[in-house]
Structure formats: C-alpha cells, structure tokens
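Participant: Here are the chains, one letter per residue:
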Amino acid sequence: MTALQVRGLHHAYGPTPVLEGVDLDVPAGRIVALVGPSGCGKTTLLHLCAGLLAPQQGRIAQPFAPSALMFQQPRLLPWMSTLDNIALGLKAQGMARAERRRHATEAALALGLPAPSLAQFPAELSGGMQSRAALARALVLAPRLLLMDEPFGALDVGLRGQLHQLLLARQAAQGMAVLLITHDLMEAVRLADTVLVMAAAPGRIVARYEPPGAALARGDALVYRCTAELQQHPEVRAAFGLPGPAQEDGDGAIAHGHWQPVASAAHPADSRSSC
Amino acid sequence: MKLLWRLLRGMPAYLWSGWGAAASLLLFVALWELGAGYYGPLILPSPLATFAALQGLVTSGAAWPELAVTARRALLGLLLAAGAGSALGLLAGLSMTASMMARPWVTLLLGMPPIAWLVLAMLWFGAGDGTPVFTVFVACLPVVFIGALQGTRTLDHHLKDMARAYRLPWRMRLLDLYLPHVAAYLFPAWITALGSSWKVAVMAELLATSDGVGAALAVTRSHLDTSASLAWICAVVGSLLALEYALLEPVKRELERWRGAGT
Amino acid sequence: MQPALSLNRRTLLCAAGALALGRTATANAAEPLPRIVLAGPPAIVSAPLIHMAETQALASIATRTEFTPWRDPDQLRVMALGRKADVLAMPSNVAANLYNRGAGVVLLNIATWGALWLVTRDAQRKALADFRGEEIAVPFRGDMPDLMLQLLAAKQGLDVRRDFRIRYVPTPMEAMQLLITRRVSHALLSEPAVSMALRKTQSFPVGLIAPELHRGADLQQEWGRVFQRAPRIPQAGIAAVGAVREQPAVLAAVQQAYARSVAWCRAHPLECGRMVAARIDLLTPEAVADAIATSQMDAVPAQTARADIDFFFAQLFARDPALLGGKLPDAAFLHTP
Chain A
46 MTALQVRGLH HAYGPTPVLE GVDLDVPAGR IVALVGPSGC GKTTLLHLCA GLLAPQQGRI
106 AQPFAPSALM FQQPRLLPWM STLDNIALGL KAQGMARAER RRHATEAALA LGLPAPSLAQ
166 FPAELSGGMQ SRAALARALV LAPRLLLMDE PFGALDVGLR GQLHQLLLAR QAAQGMAVLL
226 ITHDLMEAVR LADTVLVMAA APGRIVARYE PPGAALARGD ALVYRCTAEL QQHPEVRAAF
286 GLPGPAQEDG DGAIAHGHWQ PVASAAHPAD SRSSC
Chain B
10 MKLLWRLLRG MPAYLWSGWG AAASLLLFVA LWELGAGYYG PLILPSPLAT FAALQGLVTS
70 GAAWPELAVT ARRALLGLLL AAGAGSALGL LAGLSMTASM MARPWVTLLL GMPPIAWLVL
130 AMLWFGAGDG TPVFTVFVAC LPVVFIGALQ GTRTLDHHLK DMARAYRLPW RMRLLDLYLP
190 HVAAYLFPAW ITALGSSWKV AVMAELLATS DGVGAALAVT RSHLDTSASL AWICAVVGSL
250 LALEYALLEP VKRELERWRG AGT
Chain C
2 MQPALSLNRR TLLCAAGALA LGRTATANAA EPLPRIVLAG PPAIVSAPLI HMAETQALAS
62 IATRTEFTPW RDPDQLRVMA LGRKADVLAM PSNVAANLYN RGAGVVLLNI ATWGALWLVT
122 RDAQRKALAD FRGEEIAVPF RGDMPDLMLQ LLAAKQGLDV RRDFRIRYVP TPMEAMQLLI
182 TRRVSHALLS EPAVSMALRK TQSFPVGLIA PELHRGADLQ QEWGRVFQRA PRIPQAGIAA
242 VGAVREQPAV LAAVQQAYAR SVAWCRAHPL ECGRMVAARI DLLTPEAVAD AIATSQMDAV
302 PAQTARADID FFFAQLFARD PALLGGKLPD AAFLHTP
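Protein chains in written order, with my numbering: chain A, 46 to 320; chain B, 10 to 272; chain C, 2 to 338.
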C-alpha cells in the first residue's frame, strides 16, 4: 500500500533542534492528524513532507502525486481575482483558461463560496471566505495527498462544521491521504483516523490515538467524550503544558478508541494502554 | 473589451480630478507673476510674455521639430534604462550576493552628477544623438534598478513558499508572482526616471548638440532672450506633464486597482 | 536805518550768489566716487581695464578702481542690471542687445577691431574659399562668429550649409580639443583662443602629440575684401551702465584712461599679458601678448566709429535680428560726449 513514510527525521534551525526522531506513516485514503502545542515543530514537519524543506537527517518517501498544501494563512495572491487564485495550481499544470475556470468555479461553489465573490479581489473577502478559497485552490487539483496546516482556525463553529463534513465527504469519495495539523483536539478527533500527539522542545511524537469508528460516522456526543478523555490524559496534558488531571474527572484513562504511547530513545513509553 | 469600458467609465472622474492639479499649477503661475513684477522683464519675464513667446515658437513651426528631437532622445535613453534597470534589478533581487554587490555601484551611479558623464559622452559619441541618449541612460538606470531591486526583495516570503508548494513554473512566477508586486515599486521609479530623462536630455543638448530643445535654449541664452528661454522650458515641462498624466497615470491606476479593493 | 537794511540785503544777495556759485563749482569738481568697478570677459578688450585697475588710473574720479571678470551672458546681464559694475567690456552686438532690451547701456568706444581667425592644420589655406568642402568646428552656435562666417560665405557666393561642413561645438575649448586630437582640421576661433591654441600645440607636452596649427584665413581681411571696406570689424568695446552714465566727467576720464592703457598694452605686450593672466587664469601671458599684436587694438570713440558700427549691425541684423535683440539700436545707444 502506498503511504507517505517518514523515518528517523531530525531537523534543526541552526543550533536549536526542532524535530527529533520523528517516524510517521500516512497510508493512502487515511486521515492522520498531528496535534501538539504551538511551536512544537508541526509546521516544520508538514513543510518537510511537502518538499518545501530538505530533510537534514532521516528519510521521507512521498509517493503521492499530485499533492496539495494548504497553509495556515490563506496566502492568496492579492492582485488576482479569487477565481484566478483558485485556478492557480491548474494554470501551473498548463490547463487551458476556460477549462480551469470551470473547474475552479465548481470547486468554489462546492465549498459554499458565493458566486459574486469569485470576481472580487481577496482583500474584499472575509477571513472565512479566504480560507475556503485556499481550500478550494488545494482541492481543485484532485490531489492524492492533501497536507493541511491548521486550515480552519479562522472559521466560526458553524462554518467549521460544514467544512469538516465537506472534507470528509471528499476524502471518502476520492480516497486521498490527508495529513492535518491542528491544535484543536476536537477537530482531530472528529476528522482523523489516527491522531499523533506531539510534544515540544524538541518536537517528537509521544503518542498515537485512534478514535473509534469511521470518521463520517462519529456523532457529536462521541466526539465530545473522546476529546474530553484525550484532554485529561497525562501525556496530552504534559505535552500541552497543562497541570495534571483533575481527580473528579477520572483517572485519565482512555475508554474510547485506541491509545498507544510511542517509544523513543530519550523518552521511554508509558506502559499504560487501554481497551 | 471590459478594460476599454472600464477606462471610458473612469474617464470623467479622472478628468474632473484634474481640477486639483490645475488649481495648484495656477498658484505657481501667480507666484511667477509676482516675481516677474519684482525683478523686471530682463531677469524674469511675466507668464504672459512667456506664453506669447511660446505661442510664437509654436506657430512659426520652430517648436515641434526641436521637441520631437529631444523627446526621441529622452525616450530612447529612458527605454534603455528602464529595460536594463528593471531586468538587472529583478535579477539582483533574487540573489543575495548580487544585491549586496550591486548596492555600492548604485550609490556610485546615483552620486555621480550627470554632467560628469556628459563630458565623457561628448568624447565618445560626438555631437549626435549618442551623447544625450547615453547621458540619459546613465542618469536613469540607478533609479529604476533600485526600484526593481527593492520590489523583488520585499515580496512576501509566504507567497514565495506558496508558489513553490504549487510548483509554479518560472514563467508564471515572473508574470503572476513577481511582476505585479514589483510593479508597485517599478512604476514610481519609472515616473521619476521619466522626469529625469527630460531634464538630463535638455542639459546634454544645451552643451553638446546643435539641435533639440537644449540647443535652442543655448542660442536664446546667448541672445539674452529670456522670454524665449522660458518659453522653451515651458514647452518641455508641458510635454512632460502631458506624457505623464495622459499616459502613465491611467496605466498606473489600472495596474494598482487591487490595492484599493477591500478598503 | 535805510542804508543798513540795503547793505544787509546786498550782503544777503551776494552771499546767496556766492553760495550758488559755490554749489556749481562743487558739482563741476565732482566728489570722487568711493569706487568704480570695471568688468570684462576673458578677452583682449579687458586688458586695458585690467591695467587701469592695477595702476589705479582713475584715482582722480574714484577712490578705488576695481576689475571683476564676467564669464557668460547671464553673469553679464546680472552685472549690467544689478549695479554691480559701472563700466563693462563686451562684444558690440551684446551691448546693442542689452540696450534694446532696456538695460540702459551706453557704448563708449570700440577697442578691438577684429579677432576672428580660421585656425587650421593646413598652412596652404589662406582664404575662406580655400576651405570649401571642409569640416570646420564652430563654437557658440548662433552667436556673432557663426554669423560672421555665414555672412562672409554668402557674400562670396558660397552656401555655408552646402559648401562647408559646419560642426558646432559648445565652447572654444571643445574646438581646441578636436583640433589637438586630430578629429577636425579647421576651427573658427576668436582671439585670444587662437593664440592659446597655437601656443599650446607648440609647447610641451601637448606639442608632442598635437599637429602643427597655423593661422589660416584672417576673417577681417575677408570682411574688407568682400564688403569693399577697411579690414576692420567693430568687434568689442566698453560700455557704461547705471549711475555713471549721468556723469560726463567720469565717462571722459574712463575713455582717456582706457586709450592710454591701450597704448601701454601695445607697447608692453608681455607685461600686459602677465597682468591679464594673473587676473584671468584661463589665459597665459604669452598667448595674451600674441593676441594683443594681432587684435588691432585701437580705442575709437563710439561716435567716431559710428559708420562702421552701423554697417556691421545692419549686416548682422539682416542675417538674424535676434542677435541684436530684435531691432537696430537708435542713436542714444552711442555715447555723445
């Protein structure tokens, strides 16, 4: 099975180590979420997987083509109309103008962008519309691997929910692999097949968590409960720098889904596992 | 088609906005009149005398050939400087080494007075077109170069990363990524260079050639004909204003439409 | 009582009469001016003025006599209008131009009667017609030397555009450079540039690389020949501006001192050259001395030179009225003593 494979990745900015001994797999058709505190190297890891940075030590095998990247900021070209921005990747591939505008329009409307906004400049759109345009720009390429860096941070809860459903539907229909970075545990639990918990300084993966069931089938109540459990786990709390779990909310055991700490040379695994 | 419609629609507003510029110019003429009254006609002729002289030059057919010659030299030098300066500035902006090496050169070129170049140019090119064109080229090149250099270096690196992530080919990077951003720096540089090109061309002609506005200015100067001298200067300034406001300003506004959006 | 009164009235009248006489006397034996400023271009016409300043020749009418140079027509105009100088040496056509433009200039005399030469590398060419088909470097386009060339050519039936290749250069320096670097073979120059060029190419180090230059055509001789007149061109003189125009005693003193200085300069060319070179650093003493010998210096009062001046101006006016400021100057232009 094809998969994005990262083995033994080390990366440093000058003397400061940013990533240490990172191993991860994103198989085809699966959604992997990376959660961790700000500054733990998630974005660096994503950029390495996208090929924007060269790995200093370790190996990255990225067999998916085409791949698309969605940044934390919309990063739309301010001097082009929204429609032309969405069609940017298609233009880079050499598609003809009428055809790429057609594809771009479809992608935009599918994400709920109002038709008049397509002729406007990005500066005239709201933050939420800009994020959706950036997502459309990525999705219109029909990528086999979608890399997303905190894509829905600027959206309100309702819009975020809508886009989650759209993303899941699209992913299911096209079978793309998704590597998603988020600092929102609930989003990770709702969307991902595998959640990787990262700790900071240096960035490393400390645990794997698989939420129960298929993502599309998870209801709200289940998602809330799993998120709560996750947030009370001592590893997670340690990674995010939160104080230890409150006693009355349980002992930090994970009742739903599959929890597995990740062993590394410097940080031996926690032997606690769950059902 | 849409572009043409947009231009036509914006025309009345653009022309109307000319009132402000016209008012400020008339204030200048009023101050000139004041000075003329104080100094007397031999030192500073009044605006009316100057415009009468200008009219005389135009109706006698003496004005257009000289203006055409000067315009040809100024625009040729400007085109060469704009082309070379923009291209070199763009390339230098892309490379850290090149931009570090280029900075002292630019300071050198900007600091050298055009008249120094003129002396060399007269030796190399003689009394023909070459001297003014070369001097204009050397005077305008650093201005355009710096504009292009600054523009290229200040492109948001987020957008550069996005371009890399979406694997934009080099032609798209140039036309869709760099040029629209750099244009905001290049346009003011080109407009400055345009003004410089006319000034430097007239100066070069004053000293080195036997045709063109500068040469005519030299003759009226030796004839102590101050109103004719000022008339020639008005002719040059008038053509420059016409070029800038009829041609460059509308183009600049069109290219900068995206900046005003969303405010 | 009666005799005392009449005595008093008589005394009063006598006293009044004496006072009046006294006032007139004072007016005639005028108070010396605090200073008188003489100005002139870097040309031979300034040499007597410099001599006058060096020897304080006008001590009778002015406490101090000063000389200050002017270099271009703008400077000249400022001096003429701004009361920065009293007596200015200038080309005759420039004086007429200033007069016609209301600068209040009065021409006192003509002092140099011809200083235009065609300098050439070819010693064989002696008349203007010998230069037919040749390229000639001409400084100061549209100015008097250029017009003279055109006049003389036209009068001989030559077309200055077709029969010569005129190459305009900004200043005599450029023309000299072109000659020295052999880019051009002939140039129209005025003294003292002619003498400067000849001296320079004969001296070290320029003499090593420069070609030999000669005085080719004497344009004064050409003028005399084609116009059937004496070979003299009323080229430059001195003019008065400002308040001194109203003081005939001052003007008379200036003219006399100038004439004396002209004679002295002609008798002592090298010392005169040293004096001039000390004030005007563009010139060398030897070149000035040569120029004095050939410039036909002769201080002729304006009224006496009137016929020559009128003819000269008429010719220039026919060629280009703008050179004289648009019209021929009227009689008040020439000083009447």
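It is worth saying that the hints were derived from the structure and are not from the lab.
On a predicted model such as this, the values are computed, not experimentally measured, just so you know.
Honestly, I wouldn't trust all of these hints.
[What the hints assert, rightly or not] To give an idea of the chain C side of the interface with chain B (calculated C-beta under 8 Å), a few residues:
#1 P70
#2 P74
#3 L99
#4 R102
#5 G105
#6 R142
#7 Y169
[What the hints assert, rightly or not] DSSO-like mimics (lysine-lysine), calculated; alpha carbons at most 30 Å apart, straight line:
#8 A:K136 / B:K208
#9 B:K261 / B:K208
#10 A:K136 / B:K11
Virtual Cβ for every residue (Gly too), placed ideally from N, Cα, C.
Participant: Could you check the structure against the hints above and give me the numbers of any it violates, in ascending order?
Facilitator: 1, 5 and 8
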